[in-house]
Amino acid sequence: MLGEDLEVRFLPLYSPEAEALGAELAPALVVNRRKLVEGVPSVEEIKEALEKARPIRLGIILTKAPQGSEDAENALLAGLAALEVGDEASLFLLSDGVWAARKEAMAGKLPAFMSKGGEVCVSGEHMRAAGLPPEKLVEQAQVANDAFDQLVDLVMDQWDRVMVF
Amino acid sequence: MDKTLTILLNRGPFVSEYADLAVKMALKAREKGHNVNLYCYVDGVWAPHVKAEKPYENVGRLLREALDKGVNVKMCARCADARDVSSQDTIEGIPQVGLFDFIDWMKESDKVVTFTG
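Quick mapping for you: the protein sequence lines, in order, are chains U and W. Counted the way our numbering counts, the first sequence spans residues 936 to 1100. Counted the way our numbering counts, the second sequence spans residues 160 to 276.
Do not rely on the hints blindly, as some may be mistaken.
Said to hold, decoys possible - Calculated cross-link-like contacts (lysine to any residue; reagent style SDA-like; alpha-carbon spacing at most 20 Å):
id, chain 1, residue 1, chain 2, residue 2
1, W, K228, U, F1083
2, U, K970, U, P990
3, U, K987, U, Q1093
4, W, K191, U, M1091
5, W, K162, U, K1038
6, U, K1038, U, E1023
7, U, K1071, U, D1092
8, W, K266, U, D1092
9, W, K191, U, D1092
10, W, K187, U, F1083
11, W, K210, W, F173
12, U, K1044, U, E1023
13, W, K162, U, F1083
14, W, K187, W, D269
15, W, K191, U, D1095
16, W, K228, U, D1084
17, U, K1038, U, K1051
18, W, K187, U, V1078
To be verified - If the Cβ cut is set under 7 Å, some of the chain U residues that face chain W in the computed set are:
id, residue
19, S1030
20, F1083
21, D1084
22, V1087
23, V1090
24, M1091
25, V1097
26, V1099
To be verified - Derived CB-CB ranges, DEER-like:
id, chain 1, residue 1, chain 2, residue 2, range
27, U, R944, W, F173, 19 to 27 Å
28, W, D243, U, E980, 51 to 59 Å
29, U, G1066, W, P214, 22 to 30 Å
30, U, E959, W, S245, 55 to 63 Å
31, W, R242, U, L1018, 36 to 44 Å
Keep in mind the hints are simulated off the structure, nothing from the lab. This one's a predicted model, so the numbers in the text were calculated from it and none came from an experiment. Ideal Cβ placement from N, Cα and C applies to all residues, glycine included.
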């Protein structure tokens, strides 16, 4: 029943990991480093918790430049938080969001996101509108030449959840 | 493909790009065979207000194209009333409805994308 990508553990009370997750009752059911149930769970609780813990593919659309608001930072933090608990995360840079992919932008946080498994896709249409050539982008960022075509496929068929910043 | 996408537009067409993004995404999703709903909420009701033909690119032209291709477009009646946007002032085929219509669209959609700024 369990997917191979789920790491299910019962942490004993007072173990360092249980303490790190703030579990105060034993045993704590933990899936992919996400605390689900404290104390002794029922079978129904375990099944429900496992369903909730199934890794998802999170899509984040960023439409704003890193300067002027916190949205670019928050979009990236949401992506990092998803990766941290074992989910997949993709960042799609649309409109002024393309500025976040500049090498100098965001103090190298985008390469850090990608090194943890995050994907970054940049709208080619908006890069051209902004006069931002591909060589100015962080390495490994993918350019979506037909941005809306690729975005629709990601939203409808690839991503489980979509957030827009 | 038989999936449904609902797009919420909360912004007017002139200060930001959101109206264009919302309608372009709706058009592309429709071209790809999805059922597409677009709900104009709050300042989003200014998009259907761009009614007359103009000799330059504008969101009204995109909206008419979307309607022609079968995108369902509705706008919030209360938001329109608050801005004195009457049905005669807006593109034909975009009814003024209550917010429950948006909730129904969300419930029957596979995905919901919000352009709220």
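Point to revise | In rising order, the numbers of the hints this structure does not comply with | key: 5, 6, 7 and 27
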